[in-house]
Amino acid sequence: MPPDTFFSGAPHWTWFIVPYFYVGGLAGGAYFLAALLEWFGQPDDRPVIRTGYRVAAWGAIVSGVLLTIDLGRPLRFWHMLFQSANLPAIMFKPWSPISFGAWAILLFGLFAVLSALGSAAEEGRLQAPLLRAVGSVVRGGVAKLVAAVGGLLGFFVAGYTGVLLSVTNRPIWSDSPWLGALFVASGASTGAAALILLAPARGATTRSLEWLSSFDSKALVVELVVLAIFIGSLGAVNRAWLSVWGLLLLVGVVWLGILAPLRLHMQGRPLAGAAKLVLLGGFLLRLATMLASEGIDRYRVAAGM
Amino acid sequence: MAEAMGFFTDTTVCIGCKACEVACKEWNQLPAENGGIRELSGDSYDNTRRLDGIHWRHVRFIEQFKGPYDGRWLMMSDVCKHCVQAGCLEVCPTGAIIRTEFDTVVIQSDVCNGCRACIAACPFGVIDINPVSGTAQKCTLCYDRLKVGLEPACSKACPTDSIQFGTIAELRPRAQKRVDQLKAQGVEAHLYGADPTGPLGGLNSFYLLVDKDEVYGLPHKPQLPSRNLTKSAGFSVLSAGVLGVLALVGLRKRRMDQVGGSGGSN
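Chains as they are written, first to last, in this note's numbering: chain L, 1 to 305; chain F, 306 to 571.
Since the hints were made in silico from the structure, they are not lab data.
For every residue, glycine included, the Cβ atom is placed at its ideal position computed from N, Cα and C.
Treat the hints with caution; some may be incorrect.
[Claimed, not checked] Listed next, the stretches of chain L that the computed footprint assigns to chain F, with coverage defined by at least 3 CB atoms under 8 Å from CB atoms of chain F:
#1 36-42
#2 87-95
#3 125-138
#4 168-181
#5 216-225
[What the hints assert, rightly or not] Computed list of lysine-lysine pairs in DSS-like fashion (alpha-carbon distance at most 30 Å, straight line):
#6 L/LYS93 x F/LYS452
#7 F/LYS488 x F/LYS371
#8 F/LYS488 x F/LYS526
#9 F/LYS330 x F/LYS488
#10 L/LYS276 x F/LYS330
#11 F/LYS526 x L/LYS93
#12 L/LYS144 x F/LYS482
#13 L/LYS93 x F/LYS461
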């Protein structure tokens, strides 16, 4: 008989949610690294920090848009934040990942935009007086404080999506508690990869890029270990991977997205190639994990198909 | 609060007439699928196939045939289980899903924003999006009828009393009596979801079955989605902690190398 999770229904989280999970994770990882450098980096890390904030701000905005348009009733997106029949009471369920996730993405977006404005003001790129005024406040100690809170929120946004999937009754997702940890590691590796690709255009030094490359390698190793634990923890449910998504996980994620860039990093080859593979692998990880489960429909199982 | 109300569905007397499906559709004004042009399943006499946003009742046909003269039909009118501990209600981020005074679980369509968290949370695959409203929908146990003292449309229409409506306190002993009666006749029958100490605190829509739960498309041990919350969150924090430490160690090593390098050049 099939496992109990095979009797649940698919939520049809597909073409907006897969990119959201990817962009959200990447943005969270990029902000976390920028925040670390804000606190513990050196003056020549500023281009990477500025790139990280910019990636995070745009990532948070894109995430919010993707999340909203995926809703069956997009104009009711605010029902997740406020009680629609009891305004202005807050709507918040700490035991529901989708509820605290809605708040987390909002707050993360706020902090990411503040940091991005601060770094844009630092470069003298802000023309509008209001934005310049806000940006000029986010400097020094304030910038560090914003980065500390935003960095934690960044990792939260990267990981809660995996927790959200685990807190369901769907096959694969809820059959293991390791998806959140896997998405955190993937968010960190893709965040670093995005910075490796984008920061040179803003004047990043070789020293900063080498640190990013070194961190990316470590994040990929963590990702590989967590992925192995995740697969191991699925037990008999692993037969659900006997599909095109399982092949994608093996070839696209493990080989192209983790092992190949690790090899490139170790060989000290040009960083951009490895970074592009990491970004591809991160996307394919979300795609394979989401669609492998989405494809299993309860009535097929019940009918013995 | 009023008494807890629900359904006891005796699958042994279901004849698969689908009167309950029709009554449900009529009362709740649920739209036809695909503009009324239905596709046949092609491999079963059951063409509804599943519960979803526009089918809040579904008579499941289980065709157990080894040959033309060797087999049996099992039929079960499936519906929302109105779980005492409901996974959908637990995860709903908008507060659209509520527990009523009858201990039933209802989705308020004017509050739901169609995020679909409840669909993935339900262990029975009951909920789905209604394409007309764009919101998640399922059986309300005819909340509007209950409020004015009427019986739900499906049980009212059931010609064999396979679907019995009443208070849970009254339905449970009645169901057990029927199980005892069938067992005395040599039929292997059992109740699914009638035990208040069982999974999900019991189901307010429970069943009498004569085969394994899974044969009827029912999970043997349905669970709440929150069972994974603490572990999953804990492992995520652990992963974030490991990555944070690795990043800091890398930064420290870089600084030490720099100090070492500048020391060597002096």
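Right, here's what the structure says about each hint:
Remark: the region 36-42 of chain L is confirmed as covered by chain F, as 5 of its residues place a Cβ nearer than 8 Å to a Cβ of that chain, reaching the required three. Coverage of a stretch by a chain is defined here by at least three residues with a beta carbon nearer than 8 Å to that chain's beta carbons; for the region 87-95 of chain L and chain F the count is 3, and the condition holds. Given as covered by chain F, the region 125-138 of chain L fails the check, having 0 residues with a CB less than 8 Å from a CB of that chain where 3 are the minimum. With 10 residues having a Cβ less than 8 Å from any Cβ of chain F, the region 168-181 of chain L passes the three-residue criterion, so the hint holds.
Taking a C-beta to C-beta cut-off of 8 Å, the region 216-225 of chain L contributes 3 residues in contact with chain F, enough for the three needed, and the coverage statement holds. With a C-alpha separation of about 29 Å, the suggested pair L/LYS93 and F/LYS452 falls inside the 30 Å cut-off, and the hint holds. Among the hinted pairs, F/LYS488 with F/LYS371 is consistent with the structure: their alpha-carbon atoms are about 25 Å apart, no more than 30 Å. Restraint check for F/LYS488 and F/LYS526: satisfied, since their Cα atoms lie roughly 23 Å apart, inside the 30 Å limit.
For the hint pairing F/LYS330 with F/LYS488, the CA-to-CA distance comes to about 35 Å; that exceeds 30 Å, so the pair is violated. A distance of roughly 52 Å separates the Cα atoms of L/LYS276 and F/LYS330; the hinted pair therefore is violated under the 30 Å criterion. Only pairs whose Cα atoms come within 30 Å are accepted, and F/LYS526 paired with L/LYS93 is accepted, the gap being roughly 26 Å. About 70 Å separates the Cα atoms of L/LYS144 and F/LYS482, which puts this hinted pair outside 30 Å; it is violated.
Distance hint between L/LYS93 and F/LYS461 is unfulfilled; the C-alpha atoms sit about 38 Å from each other, more than 30 Å.
Checked against the numbered hints above, the structure breaks hints 3, 9, 10, 12, 13 and satisfies the rest.
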